[in-house]
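A.B. asks: Line by line, the protein sequences are chains A and B.
Take the first sequence: its letters are residues 1 to 509, numbered as in this note's numbering.
Take the second sequence: its letters are residues 510 to 971, numbered as in this note's numbering.
No wet-lab data here; the hints were simulated from the structure.
Note that beta-carbon positions come from the ideal geometry of N, C-alpha and C, so glycine has one too.
Warning: the hint list may mix true and false statements.
DSBU-like, lysine-lysine: derived pairs with alpha carbons at most 35 Å apart [said to hold, decoys possible]:
1. Lys175/A - Lys716/B
2. Lys882/B - Lys821/B
3. Lys50/A - Lys716/B
4. Lys808/B - Lys821/B
5. Lys278/A - Lys716/B
6. Lys808/B - Lys162/A
7. Lys582/B - Lys162/A
Under 10 Å between C-beta atoms, here's a sample of chain B residues computed to sit facing chain A [unchecked claim]:
8. Phe659
9. Val684
10. Val757
11. Trp773
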Amino acid sequence: MVSTHAHPDHAKAHSAPRPDSELIGLLAEFEDQDALLDACEHARSSGYKKFDAYSPFPVHGIDQAMGIRRTMLPFFVLAIALGAVVLGVGMQWYANRAVFSPLFPGFDFIISGKPLWSLPANIPVAFEVIVLSSCFATFLGMWYLNRLPRLANPLFRIERFKRASDDRFFLMIEKSDPQFDADQTQEQMRGWGAAAVEAVRLDLTDHQIPLGLRRIGLITGLLLLLPPALIYRAQHATNPEPRLHFMPDMDWQYRFGAQNVGPMWYNDRVPQFFFADKSVMRLPVEGTVPRGGLETDIELFRGIKAGSKIPDPSTAPPLPTTPPADEQEAAALALAQAALEPEWVTTFPAALTVDQAMVERGRDRFNIYCVVCHGYAGEGDGLVNERALELAINSPIQKGATTNATWTKAKSFHDPEVAKQPIGRIFDTITNGRSTMGPYGSQISTRDRWAIVLYVKSLQKAWIDPPKPTIPAANVPPGASDARPSNVSPTEGKSDEKTDPPLLDTKGN
Amino acid sequence: MATTVEQPVDNTVEIPGERAPLVLGGLDYAAITTTVCQVAERRRPPLAWYIAFWISFPIMLMFGALIGHLFLKGVGVWGNTSPEYWAFDIVNFVFWVGIGHAGTLISAILFLFRQNWRTGINRAAEAMTIFAVICAGTFPGIHIGRVWAFYWLFPIPTEHLAMWPQFRSPLLWDVFAVGTYFTVSLLFWYMGLVPDLATLRDRAQTKLPRMLYGIFALGWTGSARSWHRYEIAYMILAAFSTPLVLSVHTIVSFDFAVSQIPGWHTTIFPPYFVAGAIFSGFAMVVTLLVPARQWFGLKNLITIRHLENMNKIIIATGLMVGTAYAIEFFIAWYGGVESESFAFQNRVFGWYSWAYWIMVTCNVLVPQLFWFKYIRTSPLLMVIICLLVNVGMWFERFVIIVTSLSRDYLPSSWTYYRPTIVDYGMLLGSFGLFMTLFLLFCRFLPTVAISEVKNVAPRPHH
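Given the sequences, and given the hints that come with them, work out the whole structure.
C.D. replies: Put into structure tokens, the structure is as follows:
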């Protein structure tokens, strides 16, 4: 406004002076609510449409006097409430039932054998969701319909209007009403009993947000950008530090590991122990048998013939730890090893019922525990074995590694040395392990181990004497024989190849 | 203006054919405005306010410090231990939620019943509700152990967690109930405040209060068209708040009733808890308003009649609570379940019988004094009785929670619960938080709903 170089504009502003305020209506003040009610009825009967009354509290009967139509707010709230029924029930259904959803799948809790979806349990949360949504709809809808918040209002510039929230009553007729005529309306208002009538003017010069508020807004806006910026940075950066560990109490607890030795607590810095041997727990008394651990049937539990003499490794001369240098030493070692072998059972223990169900059980267990190394046919070609061999052959000594990968090839059951082992020996191998093979005694129950032994024996038998297909030869499609393993003859009765020794030579060795 | 006004009219006397006045001292509209607004407008609040504030505020800070201690050390700083996994934390939670219920009852249920005397007390009671629910929400919020995982309480889709809340658990219902209750109470309270904030805005002499009150008054002008929608919205909120307030304490009682601990697994819990909540809440309103009307010169707006009406509600709900205690014993005997009857015998004669008898004395016997009109119209005596009622109601929750948990089905795990100093500190600290918020409210916001009181005030005579 006071710039010195903007003469043309300055001159123009002077030549056509803009008004600095504009009349928007007339405001009449009344001393009590009855006068206001009368005035409202007069205004309405005089044909005014755009007028409003202002009072410090809702005046009873003013809706009829002014002809205010009932608000549609309740219907709006009803619509939201009905939507919230769907939201409230649907949210719970999704969270606990929609397990199929590819993104953010639901999680179906199984609780006390109750049905996975039962409406009664979902009523409380659905009810709260309905109430919450409806109350927000009421609250926000009311302000929206009232066109609030509105922080600037020409009425607030009128000094006497301040009493509208205290003890005075006002009526304003807007200029935009077709009936409005400044002089005539003012006369009418005085005639209706107004204590005072004042013009309401819209200030046209001052429509800027105060500078201070703008600055506060700008700074707040910039500060609000910080958290998303930091999150963005954290998402796109790597950090070698471990994740924050808020409460480490679960990792470093005051407790002892089982079988440890140590003071239980300190009493004035004097360590206190529960037991004379200072251990934190008691050992079982001698001769304690754990539940289910009374294994008296030596044939069933160890695969050793009942009544036979069991060699004691502690009294036998120690085996040499170095590999045998010549054949003589090797023979001596084999002899020493044989002397340590107990007398294995060659028939299944009497406690077992050997039948087809046991074979099936054995196949089932075998396919879980044994197949990975020994292969489905027991040829020692399981995937783990193949991969381990590959690693052992191909891996050179890595930088810094002290040993090369080693692997003892899994045994084929059709190896003649294995094939002639007594079943007690096979049982013992499964139970206690041999060489690279670990013990399975703790993982597979005794009867299941025997079932596996039975299945291994049937695999060995099938290798030497393959089962004959029962399909008539005529029904075998041409070329089908090529798809079958060469050791299984598709034709019945007329082939001599079924006992062909080369089968063992090619596959068994 | 003078803080005490001579009361020539005793509005506790019923005169047939006349309505007892709810505004005394011959106050007209302007005088009502001044009476309420002078509290916020005066430069210095009364000395009593300062004393109360400087007692409450450090206690609130101590509460914050104890919460920090809890976060750093874990919930082991409390006395909670097997089998009392719930103790002071949940006792305080139920206590504070119950306190809140009186505010909603006054603002919503009495509004629907057209009880005009609610106008003098509803604002302060609603504020009390909000502050009590803040205290209540704090306890379950901090007792979850791993507070940084608090968002697991809400159904938020997370990629890393791939889990959702268990919507059939009453504890989750509680999250929704208390969260909704707080939010709706806040909306209701704020909506009621807007016209009065406009009054404070219009009366403000200096710039800062005018701006702050002005922003929160949202440009309210008192237009008849606005009042029309405002009143309907107020009624809708009241209509929603009424079932809401009943549902909240019902769901709180489900936390216990749905489980199978002897002494908890009873169908009487929902109505019994709601009655107890209103009982303790009204006692708290009386406890707060008697000094507030004295200190802030509101005796003509919060009259003896208002207080007497609240005391009548206290005696009614107190009798309901007493009846519920009796019914519990009857069912324990009639139901014939051994562990259930043991639980109730244990309450009366067991190790915690001292707590039980405090509860019965304070909740059933002491309120009977309100049958005497002299006692229920005497501010000092009613405050004493109401304090005792709240002691009793706190012990009611203690009895329900601790006696049942400490003597559950497995006798080998029975223990005697001992709270730690942190437990006591947090109980006290929650009162510090509550009182600090309430005192700040009294100082800066209209303690009485100005526009509503004007509506029930006698019309000025010319």
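A.B. asks: Sort out whether Lys716/B lies within 35 Å of Lys175/A, counting only the CA atoms.
C.D. replies: 31 Å, holds
A.B. asks: Quick one, are Lys278/A and Lys716/B close enough, alpha carbons at most 35 Å?
C.D. replies: 77 Å, violated
A.B. asks: Would the hint linking Lys50/A and Lys716/B be met if the CA-CA limit is 35 Å?
C.D. replies: Since the Cα atoms of Lys50/A and Lys716/B sit roughly 33 Å apart, the hinted pair holds (cutoff 35 Å).
A.B. asks: Between Lys582/B and Lys162/A, is the straight-line Cα distance small enough, at 35 Å or below?
C.D. replies: 55 Å, violated
A.B. asks: Going by Cβ atoms only, is Phe659/B closer than 10 Å to chain A?
C.D. replies: 12 Å, violated
A.B. asks: Is the hinted pair Lys882/B and Lys821/B satisfied, with a Cα-Cα distance of at most 35 Å?
C.D. replies: Within the cut-off at roughly 10 Å; holds.
A.B. asks: Mind checking the alpha carbons of Lys808/B and Lys821/B for me, to see if they're no more than 35 Å apart?
C.D. replies: 19 Å, holds
A.B. asks: Tell me if Trp773/B is really an interface residue toward chain A, meaning its C-beta lies closer than 10 Å to one of theirs.
C.D. replies: 16 Å, violated
A.B. asks: If you take the shortest Cβ to Cβ gap from Val757/B to chain A, is it below 10 Å?
C.D. replies: Since the shortest Cβ distance to chain A is 9 Å, the answer is holds.
A.B. asks: Sort out whether Lys162/A lies within 35 Å of Lys808/B, counting only the CA atoms.
C.D. replies: Answer holds: Lys808/B to Lys162/A is near 26 Å, not above 35 Å.
A.B. asks: Do the numbers back the hint for Val684/B, that is, is its least Cβ distance to chain A under 10 Å?
C.D. replies: Where the cut-off is 10 Å and the nearest Cβ of chain A is about 9 Å from Val684/B, the hint holds.
Violated hints, listed in ascending order, are 5, 7, 8 and 11; each of the other numbered hints is respected by the structure.
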